[in-house]
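Residue strings, one per chain:
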Amino acid sequence: MNRIENTRLSLVSIFLSMASVLILLMMVRIQNNGKYQELSIKNEKEYSFAIENYYPERGNIYDRWGRLLAGNEDVFEVGVLLENVRNPKTIAQILDGVNGLEYFDILKIASQRYDPEKSVYSVLVDFLPSGVIDALSQIYQDYELENPYGRKDTLPSLRGIVWYPHLKRNYPENTLASNVIGFYSFKDRSDGEGYFGVEEYYDDLLAGRPMDTFMPRNPYLLEELPEVPAGASLVLTIDREIQAMVEMKLDEAVEEHQAESATAIILDPRNGEIIAMASQPRINLNQYWQFENQFSKEKPFNQAVGAVYEPGSVFKVLTMAAAFDNGTVDDETIFNDPGRFEYGGSTILNWNRRSFGKQTMQGCMQHSLNVCLAWVATEMGAESFYDYMQAFGIGRRSNIDLGGELVYPMSSPGDSDWYPIQLATNSFGQGVAVNPVQLAAAISAVANDGKMMKPHVLKAVIQNGKQYDTTPQVLSIPIKEETAHTMTEMLVSSLEKESSIALVPGYRIAGKTGTAEIAIAGEYGIELTNASFVGWGPATDPQFLVYVWIEKPKSSPWGSVVAAPVFSSIVQDLVIYLDIPPEQETANQIAIGN
Amino acid sequence: MQAIGLSLIPVVLIAASISIYLVISAQAAAAGLEGMVLHFEEEKILRTIANQRSNLGYITSYSQMQKRAEKMGFESPSVQNIHHMVINGYQGQQPVMIAPPPGENTRPSGIVNSAYQESLSSWIIATFFSDSIAKGISNE
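Protein chains in written order, with my numbering: chain A, 155 to 748; chain B, 2 to 141.
It should be emphasised that the hints constitute simulated quantities derived from the structure, not laboratory data. The C-beta atom is built at its ideal place from N, Cα and C for all residues, glycine as well. It is possible that part of the hints are untrue.
[What the hints assert, rightly or not] Here are the simulated lysine-lysine pairs, BS3-like style, with alpha carbons at most 27 Å apart:
1. 403(A) with 45(B)
2. 651(A) with 512(A)
3. 706(A) with 451(A)
4. 651(A) with 634(A)
5. 620(A) with 634(A)
6. 453(A) with 651(A)
7. 262(A) with 306(A)
8. 451(A) with 403(A)
9. 199(A) with 403(A)
10. 72(B) with 620(A)
11. 341(A) with 72(B)
12. 189(A) with 68(B)
[To be verified] Restraint ranges, calculated between C-beta atoms of paired labels, are given here:
13. 238(A) with 28(B): 41 to 51 Å
14. 345(A) with 38(B): 24 to 34 Å
15. 562(A) with 101(B): 23 to 33 Å
16. 368(A) with 61(B): 31 to 41 Å
17. 550(A) with 84(B): 43 to 53 Å
18. 57(B) with 562(A): 14 to 24 Å
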């Protein structure tokens with residue numbers, strides 16, 4: 155290598171070295187320059203992430219066999235990015251009539267002036283199903299082919315129109331079990347909430363509320379992508395088929411008896427599971443905003459938990475159970491019914507204003523004698539009577555896991571609003587107010603060997619891919635096991651002896667009618683009543699308890715005429731759904747099995 | 002010449018470092034973007050699943066099933082025309098299990114074959130030495 159080449163190489167190396175040093179110096183300068191630092195921070199802020207409204211999936215609701223009662227549906231919000239709009243008229247023409255949108259309203263929105271500070275994006279319509287979006291997308295592409303980027307003003311263009319997907323609550327069964335499910339106000343996109351029923355009670359668990367989340371745009375921040383968990387799904391104790399059957403029978407009963415409304419509860423007394431709970435009116439949950447048209451201010455969304463009323467004679471089951479349990483009466487006790495009972499300055503009369511003569515306790519229940527029950531309660535004494543009622547949960551929340559439970563406190567001696575006559579009237583279910591589920595739960599203790607289980611509609615929670623089953627809870631043990639058996643046998647016999655319409659061929663059913671007079675301006679009369687029936691079976695191994703309440707029937711005021719046939723009709727179908735064979739067949743099956 | 006070569010070494014090193022840095026950055030960015038695309042794809046799939054579940058829920062809803070059953074000529078039974086039979090061992094309809102119970106390990110084991118998780122050293126030991134160790138033990 156000669157000297158000249160050597161010099162050239164030296165110069166090149168010096169140049170490269172200096173260039174490298176200069177690059178490094180420049181990098182250091184940029185890194186430490188205030189102006190560039192500011193620019194870097196600004197870019198970081200504007201382009202590396204965005205705060206976006208994120209919609210996690212709200213948990214599903216299933217019936218006890220996994221049939222969907224509430225789910226979610228993919229829908230779209232359609233809007234315009236004003237900066238990109240090229241032809242507002244095309245947008246207005248295409249969306250005219252979609253979800254009630256009108257041409258001039260759309261034109262007004264799409265024609266707004268773009269202002270980076272104030273108006274960038276405007277919503278045109280929300281909750282469009284994917285089918286509409288597919289069609290819109292096709293038209294958009296067709297126009298783009300004809301008029302790329304919307305450059306020609308004379309040709310149509312949908313430039314500027316955008317759509318964003320999100321989930322919307324969906325109720326595939328429409329009105330079915332609507333009183334139990336409640337609804338989620340999905341139209342309030344930013345602050346939707348669960349109202350009534352399961353949607354309200356388990357709102358936090360179902361979650362799925364929209365939230366502002368940090369969404370990175372910088373690919374190096376991948377790990378910071380939000381992991382917003384979906385809400386937990388719920389499996390209810392409700393059986394969809396039985397629920398539908400009960401709703402249908404109630405609707406028929408209301409029509410037949412021109413009643414104001416009807417309510418029914420079917421529960422499993424062994425664990426407190428609500429198998430069906432129906433009341434009127436019911437709404438299509440997919441159009442929940444119409445509920446105000448169907449429900450007056452006084453009308454609860456779910457009568458089974460939100461209505462308190464005087465239950466009438468079905469309450470006698472509790473009084474008689476308490477009296478048997480504390481030994482005030484027994485199978486041998488005879489009451490000579492004079493037809494009237496003077497107590498606390500008032501007179502108690504029987505339902506037909508007549509006397510029934512000598513009666514056993516079973517006779518008292520069979521003929522539903524107010525006079526006899528008032529005598530039984532006074533024999534027990536107020537303290538003991540109200541202690542038992544407390545144990546049965548009367549006057550206290552049943553704590554059922556549904557929103558909107560209403561209770562009415564039970565007055566007892568010592569309270570300013572308690573008078574001695576109340577001991578007599580309370581004994582046959584007047585002057586005391588309960589909600590249907592409270593009463594059904596209390597009477598279920600008689601059907602379940604004296605144990606009162608907590609009524610509930612939640613069977614299992616599915617969270618993070620695991621199913622957590624709920625455990626039945628004992629609320630109290632108000633009466634002894636033998637008392638429960640005695641009461642059940644007594645009520646089976648009394649139904650059979652009076653050849654009640656409530657009887658179900660092939661099955662031994664225990665039950666009691668109720669006819670509660672409704673006070674109008676402080677006066678009780680038979681014109682307006684709450685007709686009811688409570689029954690359970692099969693008597694030897696109760697697997698269901700059915701409570702039926704018909705409010706203000708016009709065809710007949712009596713529970714035995716109005717509510718008992720509805721009970722019988724429900725139970726005749728119920729035993730099929732629950733796969734309960736008639737008792738004779740059960741005996742045969744046991745024989746075959748042996 | 003040596004001096005020139007030596008003076009160029011830092012330049013080459015810097016250039017090489019920058020190239021490696023750029024290549025790795027580009028790969029990381031590409032992977033990040035791919036991850037983001039997959040994330041949005043996952044969201045879309047979850048929405049589609051929710052949608053399909055709702056559609057299925059509607060198709061199998063009570064009213065739709067009732068219509069289908071009526072169309073096919075099915076009738077509701079009554080207590081009178083039902084005959085119950087004993088089927089030994091039949092437990093009746095079992096409670097629904099939409100997801101496994103807690104405590105049950107649902108992660109599939111062995112997605113990656115154990116052969117691919119083995120290090121070279123453990124393979125050498127297992128292949129060439131385990132037999133002789135075993136033989137040695139048995140001889141003793």
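Task: Numbers of the earlier hints that this structure fails to satisfy, in rising order - done: 1, 5, 6, 9, 10, 11, 12, 13, 15, 18
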